[in-house]
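Protein chains in written order, with our numbering: chain H, 16 to 174; chain G, 16 to 174; chain R, 16 to 174.
If you are wondering where the hints come from, they were derived from the structure by calculation, not from laboratory data.
Hints may contain errors.
With a cut-off of at most 25 Å between alpha-carbon atoms, the simulated DSS-like pairs for lysine-lysine come out as follows [stated by the list, open to error]:
hint, chain 1, residue 1, chain 2, residue 2
1, G, K67, H, K67
2, R, K128, R, K67
3, G, K128, G, K67
4, R, K67, H, K128
5, R, K67, G, K67
6, H, K128, H, K67
In case you want the letters, here they are:
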Amino acid sequence: MSMDGKNIAGRLAELGIALPQPAAPVAAYVPAVEANGLLHISGQLPFDANGKLLTGRLDGAADIERGQAAARACALMLLAQINMALSGFDRVIRIVKIGAFIASGPDFTDQPKVANGASELFVQIFGEAGRHARSAVGVPVLPLGAAVEIDAIVAVRPA
Amino acid sequence: MSMDGKNIAGRLAELGIALPQPAAPVAAYVPAVEANGLLHISGQLPFDANGKLLTGRLDGAADIERGQAAARACALMLLAQINMALSGFDRVIRIVKIGAFIASGPDFTDQPKVANGASELFVQIFGEAGRHARSAVGVPVLPLGAAVEIDAIVAVRPA
Amino acid sequence: MSMDGKNIAGRLAELGIALPQPAAPVAAYVPAVEANGLLHISGQLPFDANGKLLTGRLDGAADIERGQAAARACALMLLAQINMALSGFDRVIRIVKIGAFIASGPDFTDQPKVANGASELFVQIFGEAGRHARSAVGVPVLPLGAAVEIDAIVAVRPA
Chain H
16 MSMDGKNIAG
26 RLAELGIALP
36 QPAAPVAAYV
46 PAVEANGLLH
56 ISGQLPFDAN
66 GKLLTGRLDG
76 AADIERGQAA
86 ARACALMLLA
96 QINMALSGFD
106 RVIRIVKIGA
116 FIASGPDFTD
126 QPKVANGASE
136 LFVQIFGEAG
146 RHARSAVGVP
156 VLPLGAAVEI
166 DAIVAVRPA
Chain G
16 MSMDGKNIAG
26 RLAELGIALP
36 QPAAPVAAYV
46 PAVEANGLLH
56 ISGQLPFDAN
66 GKLLTGRLDG
76 AADIERGQAA
86 ARACALMLLA
96 QINMALSGFD
106 RVIRIVKIGA
116 FIASGPDFTD
126 QPKVANGASE
136 LFVQIFGEAG
146 RHARSAVGVP
156 VLPLGAAVEI
166 DAIVAVRPA
Chain R
16 MSMDGKNIAG
26 RLAELGIALP
36 QPAAPVAAYV
46 PAVEANGLLH
56 ISGQLPFDAN
66 GKLLTGRLDG
76 AADIERGQAA
86 ARACALMLLA
96 QINMALSGFD
106 RVIRIVKIGA
116 FIASGPDFTD
126 QPKVANGASE
136 LFVQIFGEAG
146 RHARSAVGVP
156 VLPLGAAVEI
166 DAIVAVRPA
């Protein structure tokens, strides 16, 4: 897939994906900072299509699907932040890295499957340029009780 | 605010802020590494003005203020490390990203408010250049029992 | 130590270190992405010489040594990923930063000692160029029940 930004907008439309309104930071920071060709994006929380935060610790196999939906919602918010920070997707070269923090009960070890909810969306939308490095870890609790938080680094062309 | 390093020293004085002695790493690593225009700073722990580590998990609303003081102490230590690594603040272009790890009881979800203790200090000192991306997550326990650990990425001018 | 890649291969041999087969990602992402002179490497899990995952939370002083072995195993896997991504070590300029996530019981505060299992290996192999920034935090649980997960950023020369 070409990395032409118009194609990305088209690809989102093809997939029937409407980006959410980019969330305002819940505190004293900014959604994204560009420096030296890398855009660092703040950790994003998962909101559903109605703007409701997806909350709750993941405890067992029955929670994987719920977790994947939350990770995908974080990825949509990351896309919305990229779109806002860069005024579109023309300047995206590559999704470089995502850091997935997953609210986990003490015996929940399927963080990779959960984080795939985000990873697969990036590949679906950007193709090869969406293939990223990743860390995925369990945490006991996240801001506002969120189920998942994901931050990202994106390589960008000069403006 | 201009990003002139002399102004930053003056701004610290105006605010009555004396930087702590930069902490030696508690193990086999270094406080900061510069590469490709980015300074990566190791996770810093919170020490008070007497050099005492601020410890203990945050459990409820009554702990937010204590957590903010700890986050601010981490930020002061990050500033001390920037100052040491760059021999002052002249080369700072932008605080790009901070990663805040907050020792949290299972129901404590105010990590953003706690991390503001660091974020607000950076903005107070650097103005626009202090506005950064951020992730803030709960963790069960930190090195030496610290209440907060924060690492950072700073965009810097060539030496 | 010179940063000549042939020397690194020699140094590994001198130390009797055989790199493991680089692990395939356990999910929908890639092991490493290079952008703007930085190689971001995915979080690596610790496998022993027989390919067995080192699992289990660290709970007390008696677990430090086990944790250090796990951290060292993560570092070996990071080296194997660097070697694969760059077709050797010639292009490595500097290990910039590692992020160590350590599966920890609620009272285990020796994350720095554990992470040294990785940090010391990098210095042993790369000398000054192996001295990196670091964050080390406790987490309740990791993918597949791993004891440690470590990701890394490496500064690299153009291909």
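How the hints compare with the structure:
{"no.": "1", "hint": "G:K67 x H:K67", "result": "41 Å, violated"}
{"no.": "2", "hint": "R:K128 x R:K67", "result": "23 Å, holds"}
{"no.": "3", "hint": "G:K128 x G:K67", "result": "23 Å, holds"}
{"no.": "4", "hint": "R:K67 x H:K128", "result": "20 Å, holds"}
{"no.": "5", "hint": "R:K67 x G:K67", "result": "41 Å, violated"}
{"no.": "6", "hint": "H:K128 x H:K67", "result": "23 Å, holds"}
Hint compliance for this structure: hints 1, 5 are not met, and every other hint is.
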